[in-house]
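Enquirer: The primary structure of each chain is shown beneath.
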Amino acid sequence: MSSNGEDLDGELGRLFEAQCRADESSAPDVRELLARLKDHRARSRRIRSGRSILLAAAAMIVVAMSVILLRSNPRQAHQTPLPAVATQIAEWKAPTDVLLQTPGSDLLRQLPVLEFRASEAASAVFEPTKGVEK
Amino acid sequence: MTPAETEVEIERLHAAGFAWAMACCGRRRERAEDVLQASYLKILDGRARFEGRSSFKTFLFGVIRRTASEERRKAILTDFVFRNGTGPEESPAGGDPVSVERLAFRAALAKLPRRQSEVLELVFSMGMTVQEAAETLSISAGSARVHYDRGKKRLALLLGKGNRG
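Protein chains in written order, with my numbering: chain A, 1 to 134; chain B, 1 to 165.
Derived by calculation from the structure, the hints in this document are not laboratory data. Take every hint as true, because none was put in to throw you off.
Short, incomplete list of chain B residues facing chain A, as computed with Cβ under 7 Å:
(1) E11
(2) F18
(3) M22
(4) E33
(5) Y40
(6) F124
(7) A156
Below 27 Å or equal to it, Euclidean Cα-Cα: the simulated DSS-like pairs (lysine-lysine) are:
(8) K38/A with K42/B
(9) K152/B with K111/B
(10) K57/B with K38/A
(11) K42/B with K57/B
(12) K57/B with K74/B
(13) K111/B with K153/B
(14) K38/A with K74/B
(15) K111/B with K74/B
(16) K57/B with K152/B
We treat Cβ as the ideally placed atom computed from N, Cα and C, and that holds for glycine.
All chains, full assembly: derive it from the sequences and hints.
Expert: Written out as structure tokens, the structure is:
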């Protein structure tokens, strides 16, 4: 092989070219390869869609099961009778309760009511009093 | 680019793409076919999208190189686990001088660092400029130029040694 740069390039070019041509000539048929790829893509698309349908069905089942469970639990709670002890405790009143009933204590348990009617307010005439000479 | 146009481009560059896949796979034919198929699949599925920033050839060769790297990593693991390492597949029969020369050339090329051999393959076999080779390999033009220069010198040395021995 020559030490000259151009000769070296030429020699390498020839060797690479020969190798490339040999590789290119042994390439598989492109149409066959693309057809195989199309089949593969269609198959994987089917698998993907099947998988998503399965996932959606599983999710729906989970949702339905949880709704059923949530609905059935409170009903069960209503149906089961309270124990007698619990009823007794709820109805128990302290004997000293009467001491808390002071005069005016009912005012603390209710909201004040304003006696005000809208129809009266509309018909009412307000006369100015400020800065008016009598 | 529409899918139909992409297919036309793939068909046009198929032979060169296969030669490049062979180069990326150490001339293992079976692996090169797998890599090429996986690369086409990536492009047709839209996982690798051509943005038009370079030529389609540069884009395609870049996808093939990346796919070959992924396959190589997988193969290293598989070879390690199953211990089924395979050498280059092709071994032409007969002692004709062209085949012997080609085998010696391949052996010399295999001794080069991967980047250097890739740049040389792209420039000499695929007719790319050093700039295009750099784009394909996702490296800077300066690095590609250094790899090209060093690779050429080393290959010449290796071939010269082979000729003398």
